[in-house]
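2 protein chains.
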Amino acid sequence: MKTFVLTIGDELLSGRTVDSNGAYIGKQLSGVGAPVKSRATVGDDVAHIGRVLLSALAEYDIVVITGGLGPTQDDVTVEAVAAALKVPLVTNDEVLSGIEARYREWNRPMPQAVTRMARMPEGTVVLENLWGTAPGMYLQADHCHMFLLPGVPREMQGILDESVVPIIKALPGLTPVHTRAIVTAGISESALAEKLADLMPPPGSPVKAAYLPGYGGVELRFSSIEDPEALDRLVDQVSERIGSHYIGDAAREDLVGHVARILVERNETIATAESCTGGLIGKLLTDRPGSSEYYLGGVVVYSNEIKEKLLGVPHVTLSQHGAVSAQTAEAMAAGARDRLKSTYAISVTGIAGPGGGTDEKPVGLVYLGLATGKGTFSREMRLTRDREQNRLRSAYAAIDFLRRKMEAHI
Amino acid sequence: MKTFVLTIGDELLSGRTVDSNGAYIGKQLSGVGAPVKSRATVGDDVAHIGRVLLSALAEYDIVVITGGLGPTQDDVTVEAVAAALKVPLVTNDEVLSGIEARYREWNRPMPQAVTRMARMPEGTVVLENLWGTAPGMYLQADHCHMFLLPGVPREMQGILDESVVPIIKALPGLTPVHTRAIVTAGISESALAEKLADLMPPPGSPVKAAYLPGYGGVELRFSSIEDPEALDRLVDQVSERIGSHYIGDAAREDLVGHVARILVERNETIATAESCTGGLIGKLLTDRPGSSEYYLGGVVVYSNEIKEKLLGVPHVTLSQHGAVSAQTAEAMAAGARDRLKSTYAISVTGIAGPGGGTDEKPVGLVYLGLATGKGTFSREMRLTRDREQNRLRSAYAAIDFLRRKMEAHI
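The listed protein sequences derive, respectively, from chains A and B.
With our numbering, you'll find the first sequence wraps up at 412, consecutive numbering, no jumps.
With our numbering, you'll find the second sequence wraps up at 412, consecutive numbering, no jumps.
The shape of chain A in the complex, shown without the other chains (with noise of 0.2 Å):
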């Protein structure tokens, strides 16, 4: 089974969107044994659209589409796919009357435009769309299997594992590939890759092995198309060598969902007390749905005044010690801890950048704190000069703070 992807848009062409969806698209295909071969971008033009898809229909199995589905005048995959298979195009009744009661729903006027988002080609199998308007679409020509997707990523994933997966598994001929995934916190790419030299499969083996980084940790990705034992047997022999700085499977759970678990099985709660990272870290703890259970709340002080008043932070550790210091971290966490009476406090305080930075305290140093009912505990960091990955990197290293010392019981 071989894949070709398309995705349409001008401005995936013109740079002002990466496109993401394309490394989606591979990334859950591959898993299902329909790995893509090929990816094509073109921008929303009727005649390329339909001289791309004809070429690959003649040589691939799959071809999944993406963008060019909404409302408007520069949205035209839709006629493309039709013009270039010859079939009329149509207008679905049920998803017109699905698109008009969403708009009732809302309380709001449905435009004229929105109409168009009901249309299709012949033939075509409609696949429900729960996170947007616009429909997928699932056609059949030339023994190939064709998807029309939204280009929103949202939209995109979600019909793509709920319809177009589904859809693909039960095709016949395909090679299922067994994977497994496991998460880490804490340790770098390189290091980790030091670590489990010797473990790692060499190329040619029938298990690969991959790195892929994140800033909530790096994730290992195990594959298989021959022998699951021999996946089974390497991760559970990485899983062990990685020793505190394993998370769990990565189908189960992310450093998040860890912690969460954790706290809730404890029946524990967690508060946060923010500065440079201005509410990031809260954002990612309640990403989830039943945050309530184990996250109180937080605060978010940005100037020392309010560091003062809201969190009790003493005047004497910022003006001896300064904002960004392992004493206004622990202060910072020890003062939320108190006012929101939560099991633990976590707390964030530095140099985020690109300005801000002494020679004393550059860009990118940063102070971890937290709070627990045996005291309090800090950490300094010495990240880069960017101010988004300070954020992000400093907002998930409290996050693992918090779990090692939870999971140590301290």
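What the hints contain is simulated information worked out from the structure, not anything from laboratory work.
Backbone N, C-alpha and C fix where the C-beta goes; we use that ideal spot for every residue, glycine too.
Treat each hint with caution, since some may be false.
Said to hold, decoys possible - Listing some non-contacts, in silico: residues in chain A with all C-beta distances to chain B over 10 Å:
| no. | residue |
| --- | --- |
| 1 | 42 |
| 2 | 62 |
| 3 | 177 |
| 4 | 188 |
| 5 | 391 |
| 6 | 408 |
Unchecked claim - Pairs of lysine-lysine residues, derived as DSSO-like cross-links and limited to a Cα-Cα distance of at most 27 Å, are as follows:
| no. | chain 1 | residue 1 | chain 2 | residue 2 |
| --- | --- | --- | --- | --- |
| 7 | A | 29 | A | 171 |
| 8 | A | 407 | A | 197 |
| 9 | A | 29 | B | 376 |
| 10 | B | 343 | B | 363 |
| 11 | A | 343 | A | 376 |
| 12 | B | 311 | A | 88 |
| 13 | B | 376 | A | 311 |
| 14 | A | 171 | A | 197 |
| 15 | A | 311 | B | 39 |
| 16 | A | 39 | B | 343 |
Unchecked claim - Here are some chain A residues the structure puts well away from chain B; computed CB gaps all over 10 Å:
| no. | residue |
| --- | --- |
| 17 | 87 |
| 18 | 173 |
| 19 | 228 |
| 20 | 291 |
Mind docking chain B on chain A? Use the hints.
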């Protein structure tokens, strides 16, 4: 001048790596009048690379290839290009001694594999790589200008900016593309399309237009090769028609930047009180450097008890109207403004989902609150069933709620 971009690498197809190079190249080359018309991604496969390259040479004036120039066996781009062009591979002695000199400088033994990076198709002009080892390459074939660049983003960007862009700029026959972009807020893509229907250029016009929806608002992009005056006229007309949804020129600012600029100009400050957004508004307001000039801090209040305790939301308000109500949103904003002594405070309380909804207060029901020197205000929103979308949309909507009141001096 038509440009084709070919990105090479198994990791791009399997989804291990998101291809950010394609977007960067698109942005830089559209700026110099050589817009990218099409992009393709293939794996590290000599035959496949050759096929795609030959068909691109027939159709395009400029071809930019990235990836597969490294030292390992799976880096086959140079072989593939030489084979497709039917020219021999030669070792460039100057590049080879450069590589050897680097290793001497680093005081590290040079692995034999590294010498592969000095091989190139006969007739290649070397493009210096100051950021890594593999050089860039420039070849001409069949009236087509071809550039080979490493896949590591920093190296690719460096060689593109320092060598490729100057070469392309000097080519005869370039037509500069004029572009303008407008940021809007608080209006959906389809409502905007309806509002602008009669102004927007029909297909085939000298000015092209595109809608780019995002959580912060829809961006409108306009471009013209021949007619910059028509472009400016259209942008003026559209900007006026958009009315209070108009934020500004995208080259200058987005919604948050717009609000930040006005706050700084007026020497005013803001504080946040968040429930379901969990810190996201604070995070968005502090994404940019210098945010301490206008953002004082905020409070994330997930439980009712904390809403009372940290923000002074009256117990009777919570018990009579509930945590998700206009009254609570206003009390949260007033409490934050009072405690943080800011000019304005914005708040969000709602049911982000997927759980927690009732018939009376369904998932997606959100209240925005605002406190100014003149009073407190609130706005009800009915969003979707998707947690992530609801959080992002309500966070940006709260910032836009402030913008409108600020611009009206309320």
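Of the numbered hints stated earlier in the document, which are not met by this structure? 1, 9, 10, 12, 14, 15, 16 and 20
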